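Asker: Note that the protein sequences, when read in sequence, are chains Z, H and S. The first sequence maps to residues 44 to 176 in the numbering used here. The second sequence maps to residues 44 to 176 in the numbering used here. The third sequence maps to residues 44 to 176 in the numbering used here.
By construction, these hints were calculated from the structure, which means they are not laboratory data. Computed from a prediction, not measured in an experiment: that's the story for all the values here. Any given hint could turn out to be false.
[To be verified] Label-pair ranges, simulated between beta-carbon atoms: (1) L45(H) <-> E72(Z): 18 to 28 Å; (2) G73(S) <-> D97(Z): 46 to 56 Å; (3) K168(H) <-> K67(Z): 18 to 28 Å; (4) A46(S) <-> W114(H): 40 to 50 Å; (5) A96(H) <-> F48(Z): 41 to 51 Å; (6) M120(H) <-> W114(Z): 19 to 29 Å; (7) W153(S) <-> S53(Z): 14 to 24 Å.
A virtual CB, placed ideally from N, CA and C, is assigned to each residue, including glycine.
The residues making up each chain are set out below.
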Amino acid sequence: MLAQFHLQTSAHAQMIEITTELEKWIRSEGIDNGIMIVSSLHTTAGITVNENADPDVKTDFLRRLEEVYPWEHPKDMHMEGNTASHLKTSTVGHAQTLIISNGQLVLGTWQGVYFCEFDGPRNRKYTVKVIEG
Amino acid sequence: MLAQFHLQTSAHAQMIEITTELEKWIRSEGIDNGIMIVSSLHTTAGITVNENADPDVKTDFLRRLEEVYPWEHPKDMHMEGNTASHLKTSTVGHAQTLIISNGQLVLGTWQGVYFCEFDGPRNRKYTVKVIEG
Amino acid sequence: MLAQFHLQTSAHAQMIEITTELEKWIRSEGIDNGIMIVSSLHTTAGITVNENADPDVKTDFLRRLEEVYPWEHPKDMHMEGNTASHLKTSTVGHAQTLIISNGQLVLGTWQGVYFCEFDGPRNRKYTVKVIEG
Numbered sequence: 044m045l046a047q048f049h050l051q052t053s054a055h056a057q058m059i060e061i062t063t064e065l066e067k068w069i070r071s072e073g074i075d076n077g078i079m080i081v082s083s084l085h086t087t088a089g090i091t092v093n094e095n096a097d098p099d100v101k102t103d104f105l106r107r108l109e110e111v112y113p114w115e116h117p118k119d120m121h122m123e124g125n126t127a128s129h130l131k132t133s134t135v136g137h138a139q140t141l142i143i144s145n146g147q148l149v150l151g152t153w154q155g156v157y158f159c160e161f162d163g164p165r166n167r168k169y170t171v172k173v174i175e176g
Numbered sequence: 044m045l046a047q048f049h050l051q052t053s054a055h056a057q058m059i060e061i062t063t064e065l066e067k068w069i070r071s072e073g074i075d076n077g078i079m080i081v082s083s084l085h086t087t088a089g090i091t092v093n094e095n096a097d098p099d100v101k102t103d104f105l106r107r108l109e110e111v112y113p114w115e116h117p118k119d120m121h122m123e124g125n126t127a128s129h130l131k132t133s134t135v136g137h138a139q140t141l142i143i144s145n146g147q148l149v150l151g152t153w154q155g156v157y158f159c160e161f162d163g164p165r166n167r168k169y170t171v172k173v174i175e176g
Numbered sequence: 044m045l046a047q048f049h050l051q052t053s054a055h056a057q058m059i060e061i062t063t064e065l066e067k068w069i070r071s072e073g074i075d076n077g078i079m080i081v082s083s084l085h086t087t088a089g090i091t092v093n094e095n096a097d098p099d100v101k102t103d104f105l106r107r108l109e110e111v112y113p114w115e116h117p118k119d120m121h122m123e124g125n126t127a128s129h130l131k132t133s134t135v136g137h138a139q140t141l142i143i144s145n146g147q148l149v150l151g152t153w154q155g156v157y158f159c160e161f162d163g164p165r166n167r168k169y170t171v172k173v174i175e176g
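Here chain Z stands alone, though its shape is the one from the complex:
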């Protein structure tokens, strides 16, 4: 099973939780058990699994990443000027693999799945693929 999702981001750097969309799709497809690959189709936006409770974690997370890979860098050669977002994407990962059991994602209490925008706002896409088993 394969599906493509769209989302519109609204900030330059942003973590948007997509757990609910993924779980809704799992139910709509009637999937019971297997694995799910969630893959960003971009080189300046990734996917990660992180805290779904305190929204301050997202703020801290994005600020800290920006400190490690600052937007402005005197030595960057890439003409588009978004080298930092490429590094952030490879750091969190362009994709994540999740486990599905009894029709639900196997996540810890505080885990949520996030689409990570690192060069927005933009129209974005991610692909979801399930292997049942």
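Could you slot chains H and S onto chain Z? The hints should help.
Answerer: For chains H and S alone, coordinates are given in the frame of chain Z:
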């Protein structure tokens, strides 16, 4: 096939090799070929694959990560105070996908699978899922 | 389906695109749909998905990573002296999972798959495993 493993970490930051536990489980389940997802169920502990020989690599690895994402940060807003461990978890990954061939994990000579504690010591859980094929 | 690929890197740090090799293999094996795990068999070389157009991205990417995890570090204990490459490998990931649809990798317009050398030049190996479905 799905299983949940528990472990007790003993330090604030710690890399615990779990390769042997995973391979033992593969044998006990009689799995020959496929892939295995090993997934931490926490947002402050992850999974990575790294060197299994010189224990100094772990020491250096954790110290260097701490320098990049220091525990104390004047701008952090997250009340729990463990923002750094969230960043470390997304950096190494909450989960890894491994290949199984002829009843064994396909790993290089120096590769081992590690549970990475970034906010311990704690009781921790990880889930293992195999898709045969 | 399982295969092992070899490559010779030619620099200390280098990103080598392997998308074409992977797609050629998919065609030669007649794979239509599924997922593909591409896994480095080393602890000082990883796999990532990033921009396939402007070569300056690779230059910036490797320089920025080196600034975050510098080769020389006064506190490193690991005798081989390549601690930085271990951190870079876990940061980008030792492996990536890709989606295959209609005989092709599902990648965005600008996405390419890269073997990332962090302690070369060396002879390197990576394993590719496909689960069809």
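Asker: Indicate, hint by hint, whether the structure satisfies it.
Answerer: Consistency of the hints with the structure:
At about 19 Å, the beta-carbon gap between L45(H) and E72(Z) stays in the expected band of 18 to 28 Å. At about 49 Å, the beta-carbon gap between G73(S) and D97(Z) stays in the expected band of 46 to 56 Å. Range check, K168(H) to K67(Z): Cβ separation about 26 Å, and the 18 to 28 Å hint holds. Restraint check, A46(S) to W114(H): a C-beta distance of roughly 43 Å satisfies the suggested window 40 to 50 Å.
Look at A96(H) against F48(Z): about 42 Å separates their beta carbons, and that is inside 41 to 51 Å. Distance hint check for M120(H) and W114(Z): the Cβ-Cβ separation is about 21 Å, which falls inside the suggested range of 19 to 29 Å. Checked against the hint of 14 to 24 Å, the C-beta distance between W153(S) and S53(Z) comes to roughly 22 Å, which is consistent with it.
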